[in-house]
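Please put together the full structure from these sequences, using the hints given.
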Amino acid sequence: MQMKRIAVGALAAAAMLAPVTAAAQNFEPKTAGDIMVRGRAIGILPDEGASISPGGGDIDIEDKVVPELDVTYFVTDHIAAELIAATARHDVSVDGNAALGDASLGDVRLLPPTLTAQYHFRPSERISPYVGAGVNYTAFFDESPGALDSVDYDNSFGAALQAGVDVAISGGWFVNADVKKLFLDTDVSGSVGGTAVDAGEVDVDPWIVGVGLGYRF
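With mature numbering (1 follows the signal peptide of the UniProt record, and there is no 0) as the guide, the letters of the sequence shown map in order to residues -24 to -1, 1 to 193.
One thing to keep in mind: the hints can contain errors.
[Unchecked claim] Once the Cα atoms are required to be at most 20 Å apart in a straight line, the calculated SDA-like pairs of lysine to any residue come out as:
| id | residue 1 | residue 2 |
| --- | --- | --- |
| 1 | Lys157 | Ala135 |
| 2 | Lys40 | Phe116 |
| 3 | Lys157 | Asp39 |
Just so you know, the hints here were simulated from the structure itself, not pulled from any lab data.
Below is the structure:
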């Protein structure tokens, strides 16, 4: 009975995928001069760390899911440049600080445009994986201080690594899955009760995981 259910499920899945696969047979290969526009839902997952003075403790930066837009231009059939743009507001807190205990450090909005150079391994195939590397510039703005009287984040540059895959659906349409690692840090400082609070260099270093839909022109 178990094998029968598995067989029926496999046949049903094949039946559902058949129209998509058939439509994808008509796709055109990626070529120099192509422009791809993607809309993705991305999860921003900070891998944070810092040394807080005075009082020690750990920094915690909230994970976030936000929409993202990116544009890719193919310089050659295999080499492309991608620019992504998204913005997110993150809650920031400190855990185990001798003076503040576990306290909110408010929130801050990030704008992290990232430019990568990509290599597409199989531009002439329906399933087309790629890798990339590039640079990120993150602007921190619209801060609120939480338990502090004031807080300040420095804007910064960082490196970016990337891997992903495009899967053709029909015509110019395709689905995409993408993972990026940003190497990002910022100097964070503030004050409370007239005493300076210095988190020093905070390593944010987020993973950015996204899935979405795109169109190639």
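Hint-by-hint comparison with the structure:
1. At roughly 8 Å between alpha-carbon atoms, lysine 157 and alanine 135 fall within 20 Å of each other, so this suggested pair holds.
2. The suggested pairing of lysine 40 with phenylalanine 116 holds, with an alpha-carbon distance near 15 Å, which does not exceed 20 Å.
3. Of the pairs offered as hints, the one joining lysine 157 and aspartate 39 holds, with about 14 Å between alpha carbons and a cut-off of 20 Å not exceeded.
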